[in-house]
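Add chains Y, Z and A to chain C, keeping to what the hints say.
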Amino acid sequence: MSAADLGVVVAALLTLAVFSFLYRDNPFYRFAESLLVGVSAGYYVVHYFDAGVVRKFWVPVVQQGQLWLLPGGVLGLLMLARLHPRGQWISRFAIAFYVAAWSGYLIPSVLQERILRQVAGTFLPAAGTTSVGALLAAVLVLLGVAAILVYFYFSAEHRGLLGAASRVGILFLMVGFGASFGYTVMGRLSLLIGRFQFLLQDLPASLRHISH
Amino acid sequence: MARGAWSARLAQGDRRILFLAVAATVAFPLLWPLNLPIRVSREARAFHAEIEGVEPGRVILLSFDYEPDTMAELDPMSLAVLRHAFRRGVRVLVMTTYAGGVGIAERVLAQAAAENGRTYGTDYAFLGYNPDFSATILRMGESLRGAYPTDHYGHPTGELSLLQGVDRYADIPLVVTISSSALSEYWVIWAGGKYHARIVAGNTAIQAVLIYPFLQTGQLAGMLGGLKGAAEYERLIGRDGAGVRGMDAQSLAHFLIVLFILLGNLGFLLQRRAARAREASP
Amino acid sequence: MKRTGPILLGFVVGMLMLVQFFTPNPWIAARYNNVLDWKQVVFGVTLILGVLSLLLHHGRRIRRRVAGWSYSGVTVAGLIVMILAGAVFGKERGPYPWLFAYVQSPMQSTLFALLAFYVASASYRAFRARSLHAGLLLAAGVIVMLGRVPLGEMIGFTVAGRFYSLATLSDLVLTVPNLAAKRGIMIGVGLGMTATAIKIILGIERTYLGKGA
Amino acid sequence: MSDPAAAGWFQIERLPAAIATLLFAAVLFFFLRQARRGRPLFIRRIAGLEAVEEAVGRATEMGRPILYCAGLDPMEEVATVASINILGQVARKAGEYGTRLIMPNRDPIVMTVAQEVVRDAYAAVGRSDHYDSNDIYYTTQSQFGYAAAVCGVMLRERTATHFFIGHFYAEALVLAETGNSTGAIQIAGTDSDSQLPFFICACDYTLIGEELYAGSVYLSREPLLLGALKGQDAAKAVILAILVLGSLLGLFGVEAGRWLGGGGAP
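Residue numbers (numbering that gives the first Met the number 0), protein chains in the order written: chain C, 0 to 211; chain Y, 0 to 281; chain Z, 0 to 212; chain A, 0 to 265.
With the rest of the complex left out, here is chain C:
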């Protein structure tokens, strides 16, 4: 029996252990889930160490002499101070550095790509340059986006025109959530199909292999 064939059998048993949750929460399921948490954390930490410490720091600094990476190492060490209750404040330097750097590049990028460009994409096209259908779709998108902005506007009571707009907004939101609903169902079923392909196609092949 090859390691791969053995693997398929082990995988099948663990797959069934997870599926047993359908009956109810039980020790087989709990065992599988706890094992998953441990094994995946172990898998990650090896890659974290290899990618984050060895390849991103040790190799360039020690082997290639790229000394400008050293401050990163120092910040990383400050982070480790978290492990001691009295060192918590030292690690704040590393956290502040990390979170502020992210915040800094997030601001203009999000404003430009998620807001300005989306707003620009909502503007109506020039009359006569597109088909009637496309223009109608563009008008609906504009109406929908504007109404949703009104729906999530909290500085005024939703009466009169604002009330009407927000009622339109919620209708658009609901159709959008409906699309998400359909796609989520689709995704979950695809994952199940994947597991059934494994149990009904890969597993029998391996079992035949083993019995020969």
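Residues from chain Y that face chain A, not an exhaustive set, calculated with beta carbons under 10 Å:
#1 14
#2 192
#3 205
#4 206
#5 208
#6 209
#7 260
Just so you know, these hints were derived from the structure itself, not from any lab. Backbone N, C-alpha and C define an ideal beta-carbon position, used for all residues, glycine too.
Just chains Y, Z and A now, kept in the frame of chain C:
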């Protein structure tokens, strides 16, 4: 009263029967395929045209932005993209933004490379995982070698023949993200927004529905959505795989769910009618 | 020092990363590259810390013999075996990739496959058109579900030689009302993200630094 | 800034983003200051909050407990903070009516904070005697283990009102379905896009995304949150105006979209 009890039973259903129905509906077409025809969407055609438009010999970037939980939806896409690129003589630089994506990328890459007789280092390379996806994506816009001093196996990236003359998005005609999360959006925001990279995304169904706004503005040049998207792509490159094989089951299962929703709501309506009738005649 | 130091550092780094977006100045670009590199190293350490705290959490549970401690034992054992496998045999061959392929992968993918069953039972037992809104949601969901699979694509009617299927209808739902909805939410959430980021750089928002900051 | 000599310092195509950044920061700063100084800033009452109160009343009428879930995320997430603010309100009502409140937790820190908040809320309405810290307890870190534990409570304790408020993941479906099958009144509130549809179909009332944050700000009046909310509202009003203006120009053949700049695919 009898009608009320009956409609209540209809509305509640027996979970075990529902579960069995799902299992049977999914298993049946996997064992006895129906081979239903597959229509290819506009978004998938756009995705395909992008890869088709890359000149042979040039290097594209493929990022495995997913973990084993969504393999079933995304593996068929990654495999099809690699097959397509390799067949056309396009070279591929592969990376992952999830530590859990390493094992997946290696497996899919090995399969596609072996099928097409491609060699490591010249036709393709695997950069592996890098911590901090946002800093990685941005850093690669400045210098690929800076972001990844070595490939996954420890070879200095500067020495890979694949990367001669390739060091930023400007040198890469296309970025492909196969993603189970908002990563596809972050590629748009950072690689696209700051560095003008051209991007196509393969997404899980759940994520796909969220990125239509980026398709309309052209921030994304093409998209594959869920297992159906993978099946469409397999049809476009003329090589069926797990995506096409799953479509019969997907079709039947969707009809089953719709049936459940209709029946459940029928029970709900009857129950409500019965309750109203009771209130009306005390 | 304990309070102002980190906030000052955050302000300087945050402003640098903000300004670099607008300028091609080479000095600023070089500092930007430095920050990105350092940030990756810091993040690498943070990830390892995360795993360490998982280990400590389960270690405590085992020592104190709290209810279900044996499952914590399973977790810790899995973690240690995996690290040893990677450290001793390497990440390319042997038990490390084997455990990933045949232990981690199948369980992780099955966990979410379970939900297909729950979606089905909830479809029957819980998803109700209890209001106009919920009804609209379900209707759109049904259209998309049917219109995005081969069987549904075959259902439709022909007008003047053109075939209009459920797929056409579902495309319409996705690219018009769905697009508007996602864009409306995207703009709102984008503003929220940006507001938080601005507050962080200016040192107004400090909760992320932990208690007493 | 369009001076060619300054080209080395400023990328002109990024001008719109620069203006947006400065403008938004200024507006935000203004409202944060107003809020900190205690200026009365108006936000409308969120309809969902009335549903929250009604639902507590319903459990009281039936003489059965209330179940509260704050989602899966840790304390530092916005949705969790919002949930804890709403929990305070729920606990006050529950304290007033003397209705039992059960809250299984997935995060030990969230649990500790929730215990404090509920204890304070009961004390504020003079019903400290009703508070039982055993009703707010830790279950397990495991996602589905937590879901199973919560469903167990629904069936065993026959809870009449369920709150699912916070950030939820795939387990949302399991919770909402089981709760629905027991016939409980269910109120949800979350910012998780992919779980919202399930909550909307299986719950009696759902606070959608930003509504959840606004509801929490409405209740807590916390200046930092209030100021930010007002700043974002102002930005939304500006965006709305730009949308209308740009579309009108568009109809007359002026491509206003170019003025908003942006990189992206060439």
